[in-house]
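K.L.:
Chain by chain, the residues:
Number of protein chains: 2
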Amino acid sequence: MNRCVVGVDLGGTKIYTALADSRGRLAAEVRVPTGAREGPEAVIGRIAETVRRVMREAGVGPGAVAALGIGSPGPLDQAAGVVYNSPNLRGWINVPLRDRLREATGISVFLDNDANLAALGEFYFGAGRGSGNLLYVTVSTGIGAGIIIDGRIYRGAGGGAGEAGHMVISPGGPLCGCGRKGCLESLASGTAMAVRAAELVSAGRGKAILREAGDNPAALTAASVARAAGAGDPEAAGIISEAGAYLGMGLANLINVLNPDRLVMGGGALEAGSLFWDSMAGELAARALGPALGDVTVVKSVLGGKSGLMGAVALALDSCGKRLPKE
Amino acid sequence: MNRCVVGVDLGGTKIYTALADSRGRLAAEVRVPTGAREGPEAVIGRIAETVRRVMREAGVGPGAVAALGIGSPGPLDQAAGVVYNSPNLRGWINVPLRDRLREATGISVFLDNDANLAALGEFYFGAGRGSGNLLYVTVSTGIGAGIIIDGRIYRGAGGGAGEAGHMVISPGGPLCGCGRKGCLESLASGTAMAVRAAELVSAGRGKAILREAGDNPAALTAASVARAAGAGDPEAAGIISEAGAYLGMGLANLINVLNPDRLVMGGGALEAGSLFWDSMAGELAARALGPALGDVTVVKSVLGGKSGLMGAVALALDSCGKRLPKE
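Protein chains in written order, with the numbering used here: chain A, 971 to 1297; chain B, 971 to 1297.
It is possible that some hints are incorrect.
Note: identical chains are not told apart, hence a pair may lie in one copy or across any two.
Stated by the list, open to error - When the alpha-carbon atoms are kept at most 25 Å apart in a straight line, the in silico SDA-like pairs for lysine to any residue are as follows:
(1) LYS1177 with GLU1212
(2) LYS1151 with GLY1264
(3) LYS1270 with ARG1122
(4) LYS1151 with TYR1054
(5) LYS984 with GLU1019
(6) LYS1151 with PRO1003
No lab work stands behind these hints, which were simulated from the structure alone.
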């Protein structure tokens, strides 16, 4: 095999590592639990072990890997290669992930946040192929975005661009995890749907949703709401369609400001079903300005759980000069 | 004089034209009324006349002008050089301004919208000098934005980027000129302040504001509100501080998504005074995420009414290969 790269998608629960050739074709891949509780050094050691494993499986020697791309939950300093205080990696405070991983593997390492790399992955290998200006929005426990302009990640002045989850959509709205009120994330994320369900249950309603959580209020999730809605419960359907409408408003704001030609939607909350998608799409169409709406194609991620990994591969290829062609 | 360029700022009320050298220094400038009522052909003829005038005044012959940049109220198709149906140029429907002006002057013409060019003008010659990623937001009768990334106007897929005035900030809010509800423009523009004042007056209140409009409800403007607030009227102060707070939310949304290092504020509504600015700045600081807030410097336009003109000059210089250095 000619020169190849390694991509790593570091998540709060799993490490997903693959070895790819210069066209992004995977030769070997492996997933292991992150074990974030054991602390950064143990996790970095485990990542290095997955790198050695995919190299071994692909029959590739140390000199053949040109670069390693890694996506991590943020906030992080992309330029310095440091993960700040990630809520998804407890106990990680100012970890110099890039440099430590280079020391542990002997390979040049390039770090970026997970939403940016998912956007890059979709752009080169997924639902974003052929686009010029791509916006990727992921809706799961939180809401994040990655922006691709002319084939490159747009990071902004300090690497913080794409914090779409903290746009204010309803100033007097619910409390967000960031401490502010009415952010998109507090209205339209999976967490927001679970919180709305818990509020209903506290008020003595939402019986059908509670049943889906095994009658345990502490177990209420967006999935409980989705299952109840699927079974025809109108309260659950109300929660989902309201969250979808708020998401549509947030997406319309992004479309009005950025005028992308492709909007790729990812994240687990899309599994809330077609009601969520339809409500989002309806509000988006009502709120986006006509010309910008006409310019954009809204599609679901095709890479799904692999978008971050493929973005890490793309980052590595890009960083070592193997700039991928736009298809 | 060596090769030079012409910049034109076409507005609803005036045509502002200047001849500049390759470093953007103005050698001659002229302002004439637009006379938009007389229709596109008359206006294009008048623009061509101002071009001849500045060339004559600067003692420059036909061959010495390398390019002409012109900013126009939108919506327009930058790539095709066509002004669509501009609310600020009544009767202009699909006017091929670029090609008609090239025919009328014999000079290569480059067209863009006024907000984009004001952003470019501030970037090269004003409050944006030395920045990397600049966001320019103008607040007057409407709200618009121009985005500069790496020294270039970011236009998006169809030239429609920067429609910040139509971000939803309060879904159940007042009706916007675009037909939707709760857009930033309906909450924080000069027009919004005038509408809030008219609502107060209709309800039998707002006496102090009405007095500033000569006791004529039809003459209520943002300036009436500003004067009443300046004289200590609490109702006027309430209107201004509420509009300022909504503006701060909109700016925070843009900062969270774009992470600029410079935010330049322009437009007549800033003349509503320090209460408007302080309310905006307070809400912005409360709503923007910490790292992005730390990355951005918020400043007032230094070019004021000249920002669009200087942007047209910069566009012309840029378009003919005299790419300006970042200072």
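K.L.:
Please work out whether the CA atoms of LYS1151 and GLY1264 approach to 25 Å or closer within one copy, between two copies, in both situations, or in neither?
P.N.:
between (32 Å within a copy, 20 Å between copies)
K.L.:
Up to 25 Å between alpha-carbons, please classify LYS1151 paired with PRO1003: within, between, both or neither.
P.N.:
neither (34 Å within a copy, 47 Å between copies)
K.L.:
With 25 Å as the alpha-carbon cut-off, assign the pair LYS1270 and ARG1122 to within, between, both or neither.
P.N.:
Classified as within; 20 Å inside a copy, 31 Å across copies.
K.L.:
State whether the alpha carbon distance between LYS1151 and TYR1054 is at most 25 Å within one copy, between copies, both, or neither.
P.N.:
Classified as within; 24 Å inside a copy, 39 Å across copies.
K.L.:
Is the C-alpha distance from LYS984 to GLU1019 at most 25 Å within one copy, between copies, in both cases, or in neither?
P.N.:
Cα proximity of LYS984 and GLU1019: one copy only (14 Å, versus 68 Å across).
K.L.:
Using 25 Å as the alpha-carbon threshold, which applies to LYS1177 and GLU1212: within, between, both, or neither?
P.N.:
within (19 Å within a copy, 41 Å between copies)
Of the hints listed earlier, the one the structure fails to meet is number 6.
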